[in-house]
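Enquirer: Each chain is listed here by its residues.
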Amino acid sequence: MLENRVRTDGQPWMLVETDELADGRAALDRFLRGVERRALRMAELTTGQRDEALDLVQDAMLAFVRNYADKPAAEWPPLFHRVLDSRMTDWHRRQQVRGRWISAWFTRRDDDEAGDPLADAPDLREPGPLARLLDADAGAALQAALVQLPLRQRQAFLLRVWEGLDVAQTASAMRCGEGSVKTHLWRALNALRRALEEHQ
Amino acid sequence: MNTRDTTRDHAPPEWTATARQLLDDSTDALDGATRSQLNRARQRALAEHARPTRRWWLPAGAATAASLLFALMLINPLSPPATIPATPELASGNGDDTELIVADDNLELAQDLEFYAWLDAEDEHNG
Chain P
1 MLENRVRTDG
11 QPWMLVETDE
21 LADGRAALDR
31 FLRGVERRAL
41 RMAELTTGQR
51 DEALDLVQDA
61 MLAFVRNYAD
71 KPAAEWPPLF
81 HRVLDSRMTD
91 WHRRQQVRGR
101 WISAWFTRRD
111 DDEAGDPLAD
121 APDLREPGPL
131 ARLLDADAGA
141 ALQAALVQLP
151 LRQRQAFLLR
161 VWEGLDVAQT
171 ASAMRCGEGS
181 VKTHLWRALN
191 ALRRALEEHQ
Chain S
201 MNTRDTTRDH
211 APPEWTATAR
221 QLLDDSTDAL
231 DGATRSQLNR
241 ARQRALAEHA
251 RPTRRWWLPA
261 GAATAASLLF
271 ALMLINPLSP
281 PATIPATPEL
291 ASGNGDDTEL
301 IVADDNLELA
311 QDLEFYAWLD
321 AEDEHNG
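Listed in order, the protein sequences are those of chains P and S. According to the numbering used here, the first sequence is numbered sequentially starting from 1. According to the numbering used here, the second sequence is numbered sequentially starting from 201.
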C-alpha cells in the first residue's frame, strides 16, 4: 500500500518507511526467536507450570515490544529480561499471598536466612558436581536444584551463567545493584553445588 | 587491572559450563506444541510492533483546542483598543478654535499685538 508521495531524495516516502519497519520487525523477530525458549524455561522454573510460563513469556514479549522495541538492539537482552523478571516476580508475589494461609507450615529458605557464604564457599578449582552426574540424569538433577533456589538467586544464576549477561546487565535486568547480583550468584552457586552433591 | 582481569575475577566457576550445556539441551527438547505456542506468542508481539501508534488523543485534542480558541474570541474579540477620550475643550469646542491656534497668520497676530491694539483704539476714536 504505497502512496505517490516522494521524498526530497527521490524515493517514495511510504516505501522507505515500510522498509525501515520491516527491518525493525525482522531484527525483533530474530532477537525474540533466540531468547524465547530460554525465557520459557526460566519462567517454567519459577511457575512450575508450562501454561503459566507461556503466559508470562507472552506478556513479557508484548511489553518488551511496546516499550523497548525502539531501543538499540544491543540493549535488548537486559531490557527483555527486566520485563520477564518483573513478570516472574509479580507472579511469585501473587502466589505467596495466595498460599500464605494454605501453606503456612511450608517455608522456602529466604536469601536473608542463608548462612555465612564464606563458611560454605566451594572450592572453585574442583571439577564440580555435574561432572560426576553426567552419566546419570544430570539435567533432571540440575532442574530440581534450580527449582529449590529462591527466585532472586535462581535469576542471578540463570541470567549470569546461562543467558551470559555481565554483572551490570544482570543488575539492570533484576533492578538491583551489582553487589546484590554477586551475593545472589554466590549463594546460588553454593546452594546448587550442595544440592547436586547430595543428589549423587 | 584491565577489563578482562576484572571479568575473570567475577566469572562463574568452570563447572557452570556443564550446567549451561544441560540447560541448552532442555530447550532443544521442547515439544512441537510448545514451540508452536512460542511462535504464536512472538507473532502477536511482532504484530504489536507493526501496528501504527494509536494517537487517539489527536482528534480530541484538536477539537478541544479549537473550542478553547473560539471561546477566547467570544470573550475577548479581536477589536481595536478602546479610544482615548479627547481633551474636553477640544472635543466640545468647534473647529474654529483649532484653526485660530494653528494658523500661521494668527501667530503673526500674536507677535504684533501692540499694533492691533493701536488699530482698535484708532477705530474707536474715529468711529
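Just so you know, not all the hints are guaranteed correct.
To be verified - Taking CB as the label site, the calculated pair distances span:
1) P:Glu20 x S:Ala229: 52 to 62 Å
2) P:Lys71 x S:Ala262: 23 to 33 Å
3) S:Ala271 x P:Gln49: 50 to 60 Å
Stated by the list, open to error - Cut-off 25 Å, straight-line C-alpha distance, at most; resulting in silico cross-link-like pairs (SDA-like, lysine to any residue):
4) P:Lys182 x S:Leu246
5) P:Lys71 x S:Ala250
6) P:Lys182 x S:Pro213
7) P:Lys182 x S:Trp215
8) P:Lys71 x S:Leu246
9) P:Lys182 x P:Asp166
10) P:Lys182 x S:Arg220
11) P:Lys182 x S:Asp224
12) P:Lys71 x P:Asp19
13) P:Lys71 x S:Arg244
What the hints assert, rightly or not - Over the 10 Å line for every Cβ pair with chain P, so calculated as not near, a few chain S residues:
14) Gly232
15) Ala262
16) Ala263
17) Asn276
18) Trp318
Since the hints were made in silico from the structure, they are not lab data. Using N, Cα and C, we set each Cβ at its ideal position, and we do this for glycine too.
Enquirer: Hint by hint, say whether it matches the structure.
Expert: Against the structure, the hints:
no., hint, verdict
1, P:Glu20 x S:Ala229: 52 to 62 Å, "violated (38 Å)"
2, P:Lys71 x S:Ala262: 23 to 33 Å, "holds (31 Å)"
3, S:Ala271 x P:Gln49: 50 to 60 Å, "holds (58 Å)"
4, P:Lys182 x S:Leu246, "violated (34 Å)"
5, P:Lys71 x S:Ala250, "holds (16 Å)"
6, P:Lys182 x S:Pro213, "holds (13 Å)"
7, P:Lys182 x S:Trp215, "holds (17 Å)"
8, P:Lys71 x S:Leu246, "holds (15 Å)"
9, P:Lys182 x P:Asp166, "holds (11 Å)"
10, P:Lys182 x S:Arg220, "holds (18 Å)"
11, P:Lys182 x S:Asp224, "holds (23 Å)"
12, P:Lys71 x P:Asp19, "holds (18 Å)"
13, P:Lys71 x S:Arg244, "holds (19 Å)"
14, Gly232, "holds (13 Å)"
15, Ala262, "holds (22 Å)"
16, Ala263, "holds (27 Å)"
17, Asn276, "holds (40 Å)"
18, Trp318, "holds (89 Å)"
When held up to the earlier numbered hints, the structure conflicts with 1, 4 and fits the remainder.
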